[in-house]
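Novice: Heads up: the sequence lines are chains Y and G, in that order.
Letter by letter, the first sequence follows residues 1 to 403 in this note's numbering.
Letter by letter, the second sequence follows residues 404 to 613 in this note's numbering.
In case anyone wonders, no lab produced these hints; they're calculated from the structure.
Hints should not be assumed to be uniformly reliable.
Some chain Y residues flagged as far from chain G (calculated, every beta-carbon gap over 12 Å) [to be verified]:
no.: 1; residue: 39
no.: 2; residue: 92
no.: 3; residue: 103
no.: 4; residue: 126
no.: 5; residue: 185
no.: 6; residue: 187
no.: 7; residue: 199
no.: 8; residue: 249
no.: 9; residue: 257
no.: 10; residue: 266
no.: 11; residue: 274
no.: 12; residue: 281
no.: 13; residue: 286
no.: 14; residue: 341
Partial list, derived from the structure: chain Y residues whose beta carbon lies under 7 Å from chain G [as the list claims (entries may be wrong)]:
no.: 15; residue: 202
no.: 16; residue: 218
no.: 17; residue: 292
no.: 18; residue: 295
no.: 19; residue: 296
Note that the Cβ used here is the ideal one computed from N, Cα and C, for glycine as well.
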Amino acid sequence: MIPEGMRDIPPPWSGQRRALEELIRRRFEAYGYDEVLTPWLEFAETFAAAEDDTLAAGYRVWDEQGRQLLVRTDMTVPVARLAATRFSDEPLPLRFYYSAPCIRPWAPQRGQDGEFVQAGAELLGLRSAAADAEAVTLLCDVLAASGLRDYRIALGTVAFHRALVDSLGLGEEDRVKVLEALHDRDYPWLESIAGKSHLGDAARVALQRSLELSGTRDGLLQARKLVANAAMEEAIERLLDVHELVEEAGYGDVLNFDFGLFQDLSYYSDLVFEAYAPGVGLPIASGGRYDGLPAHYDWDVPGVGFAIGLDRLEEALEEAEAMPPSGPPVLTFVGGLERPAKAQELRRLGWRVACLPEDAATEAWPRLTRRGSVFVVEAARGSGVSGTWREALKYLEQSAGRP
Amino acid sequence: MRRIAVACDGEALPVDLLDLLAAAKLRVDGLRRWRSREGASLTIREGELEWLVAPSDDVIAACSCGAATAGVVGKDLLLERGVGLCELLDLDVARGRLVHAVRRDARPSSRRPRIATCYPHATRAWFAARGRDVDTLAVATPALAVTLGIADSAVDLEARLTADEGEWIVPTEVAACSARLVAGRQARVLHASELAELIDRLREAQGEEA
Numbered sequence: 001m002i003p004e005g006m007r008d009i010p011p012p013w014s015g016q017r018r019a020l021e022e023l024i025r026r027r028f029e030a031y032g033y034d035e036v037l038t039p040w041l042e043f044a045e046t047f048a049a050a051e052d053d054t055l056a057a058g059y060r061v062w063d064e065q066g067r068q069l070l071v072r073t074d075m076t077v078p079v080a081r082l083a084a085t086r087f088s089d090e091p092l093p094l095r096f097y098y099s100a101p102c103i104r105p106w107a108p109q110r111g112q113d114g115e116f117v118q119a120g121a122e123l124l125g126l127r128s129a130a131a132d133a134e135a136v137t138l139l140c141d142v143l144a145a146s147g148l149r150d151y152r153i154a155l156g157t158v159a160f161h162r163a164l165v166d167s168l169g170l171g172e173e174d175r176v177k178v179l180e181a182l183h184d185r186d187y188p189w190l191e192s193i194a195g196k197s198h199l200g201d202a203a204r205v206a207l208q209r210s211l212e213l214s215g216t217r218d219g220l221l222q223a224r225k226l227v228a229n230a231a232m233e234e235a236i237e238r239l240l241d242v243h244e245l246v247e248e249a250g251y252g253d254v255l256n257f258d259f260g261l262f263q264d265l266s267y268y269s270d271l272v273f274e275a276y277a278p279g280v281g282l283p284i285a286s287g288g289r290y291d292g293l294p295a296h297y298d299w300d301v302p303g304v305g306f307a308i309g310l311d312r313l314e315e316a317l318e319e320a321e322a323m324p325p326s327g328p329p330v331l332t333f334v335g336g337l338e339r340p341a342k343a344q345e346l347r348r349l350g351w352r353v354a355c356l357p358e359d360a361a362t363e364a365w366p367r368l369t370r371r372g373s374v375f376v377v378e379a380a381r382g383s384g385v386s387g388t389w390r391e392a393l394k395y396l397e398q399s400a401g402r403p
Numbered sequence: 404m405r406r407i408a409v410a411c412d413g414e415a416l417p418v419d420l421l422d423l424l425a426a427a428k429l430r431v432d433g434l435r436r437w438r439s440r441e442g443a444s445l446t447i448r449e450g451e452l453e454w455l456v457a458p459s460d461d462v463i464a465a466c467s468c469g470a471a472t473a474g475v476v477g478k479d480l481l482l483e484r485g486v487g488l489c490e491l492l493d494l495d496v497a498r499g500r501l502v503h504a505v506r507r508d509a510r511p512s513s514r515r516p517r518i519a520t521c522y523p524h525a526t527r528a529w530f531a532a533r534g535r536d537v538d539t540l541a542v543a544t545p546a547l548a549v550t551l552g553i554a555d556s557a558v559d560l561e562a563r564l565t566a567d568e569g570e571w572i573v574p575t576e577v578a579a580c581s582a583r584l585v586a587g588r589q590a591r592v593l594h595a596s597e598l599a600e601l602i603d604r605l606r607e608a609q610g611e612e613a
């Protein structure tokens with residue numbers, strides 16, 4: 001038994017996971033991002049500084065000095081902490097990527113796994129729409145490279161709604177309620193608060209309409225009609241710029257706007273985006289701009305990034321029957337244990353060779369081949385499940401197993 | 404094809420909901436034929452539209468997992484379990500009140516009040532927001548739990564407390580409930596235009612009825 005929310009990944013899925021990670025890693029590196037590795041445990045205060053309940057609600061342990069440690073619940077916070085403490089003297093921008101497991105308390109009703117792997121990229125030191133566009137383009141590039149075809153990226157803006165709510169002149173209590181309703185995506189409640197807050201008709205309509213605005217670029221142009229202050233206008237112009245640049249990079253057709261898009265994490269400050277694919281109800285990737293986050297670690301630089309949930313991406317790829325192959329098949333060499341020179345020769349040629357003793361029971365072979373990537377040959381006795389060495393190697397070559 | 408999931412917990416579908424859906428120019432012939440029968444989940448095909456009639460929990464799950472484009476489910480269940488769903492529209496039908504009810508013969512006690520409810524999460528949240536410490540007792544029939552003396556008071560839909568009418572002190576409203584149009588986060592993005600059209604049609608139908 002293993003704790004709820006955790007999972008084992010046996011072969012061949014473990015091989016597919018590694019192949020997928022490798023493919024993502026190559027795309028990150030193609031954009032000039034360098035890998036960072038951070039520890040499982042951070043000081044609890046590191047996550048507390050991010051001021052987000054979801055991130056702070058992780059598993060805690062105490063060290064021998066009585067300090068609280070937190071099993072990491074997210075990777076953006078450790079990367080921001082690492083960059084602030086180790087790279088603050090480096091020229092900007094900085095580009096980092098990671099592929100690492102995180103753990104949060106299991107919450108099946110929220111569709112949240114206990115352990116999940118985040119593969120993500122963070123671009124620190126640039127505040128421009130062009131930097132936002134690079135993050136979105138990189139995400140599109142990774143998803144396309146993974147073999148996913150039918151995905152969409154929803155772009156939203158936290159800044160627009162904050163500016164809109166500020167423009168309404170609400171009392172503090174109503175302001176908090178409105179932001180809560182926006183975050184909970186509870187539009188009837190929002191309408192009811194707006195109704196009771198003696199808002200003018202124009203303000204009420206703006207609030208309601210803003211959430212319904214979604215779709216393609218035309219929807220975004222509609223949002224311009226709701227602009228009541230410079231901050232709202234700036235947020236919309238920025239989204240348009242991001243759209244234009246991502247379109248120029250070749251991914252305009254996968255973009256949607258969604259003004260009702262709110263991230264579960266509170267450190268996002270402007271652009272937010274999520275990727276969705278058929279067969280998976282929750283986002284397979286999410287990200288955005290988090291300009292205030294590194295400042296919590298005494299380094300005030302802007303940042304934008306995203307993380308792909310590898311488990312959810314795999315679900316989407318399985319749904320689309322597009323999972324990458326798990327690597328070349330294994331040649332099981334019956335009698336190989338007694339003939340190490342021959343086995344080594346094959347390995348030097350690049351084959352994956354697992355050896356069985358010469359007297360291995362024939363009945364055991366089908367069990368090995370059932371794993372999907374194993375091929376059995378009985379070299380020592382001159383005949384095997386699929387015949388001779390020559391036939392075996394031909395089969396492996398055809399199965400993409402050629403070294 | 405669109406799939407709309409409608410919650411039905413062993414009772415007939417409300418006529419006013421069916422009328423509203425019909426007024427929004429959605430084909431509901433199959434739903435009307437079904438409404439007089441009780442039974443397990445089923446799907447009804449109406450051209451390009453597929454209705455899924457299922458218990459509330461299944462509707463919430465279908466929407467959350469992206470298996471339904473939209474859903475119709477009561478606010479009471481959303482308060483209890485609907486985390487992460489977008490509540491798009493108050494359909495203003497199947498109205499009711501989630502209430503906290505205390506029996507007239509309840510005796511004061513020094514221990515923490517024990518509240519019987521089939522909405523433990525919503526109940527805890529409601530009392531916590533008022534700074535009151537309570538123990539919740541998750542049961543299927545809260546009123547019965549109070550009658551049997553295993554709980555001090557009940558949180559349930561007001562309509563379900565009427566069997567013992569007169570035995571309850573005027574209940575306090577926890578939340579006003581009605582049927583809501585909901586969608587999962589994935590559907591909001593992958594079916595944005597279909598949802599926008601559905602909301603417009605339902606709003607129009609509500610306007611006509613008003």
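Novice: Taking the hints in turn, state whether each one holds.
Specialist: Going through the hints against the structure:
1. 39: Holds: least Cβ distance 30 Å, greater than 12 Å.
2. 92: 33 Å, holds
3. 103: 20 Å, holds
4. 126: Non-interface label on residue 126/Y holds, nearest chain G Cβ at 27 Å vs cutoff 12 Å.
5. 185: 4 Å, violated
6. 187: Contrary to the label, residue 187/Y does not stay out of reach of chain G, its closest Cβ about 6 Å off (not over 12 Å).
7. 199: Nearest chain G Cβ is 18 Å from residue 199/Y, so the label holds.
8. 249: 20 Å, holds
9. 257: Its Cβ does come within 12 Å of chain G, the nearest being 9 Å, so this is violated.
10. 266: 16 Å, holds
11. 274: It is violated; residue 274/Y is separated from chain G by about 7 Å at its closest Cβ, not greater than 12 Å.
12. 281: 4 Å, violated
13. 286: Contrary to the label, residue 286/Y does not stay out of reach of chain G, its closest Cβ about 10 Å off (not over 12 Å).
14. 341: Holds, because the least Cβ-Cβ distance between residue 341/Y and chain G comes to about 54 Å, which exceeds 12 Å.
15. 202: 19 Å, violated
16. 218: Violated: closest Cβ of chain G sits about 11 Å from residue 218/Y, beyond 7 Å.
17. 292: 25 Å, violated
18. 295: 29 Å, violated
19. 296: Hint violated; residue 296/Y Cβ to chain G Cβ min 27 Å, cut 7 Å.
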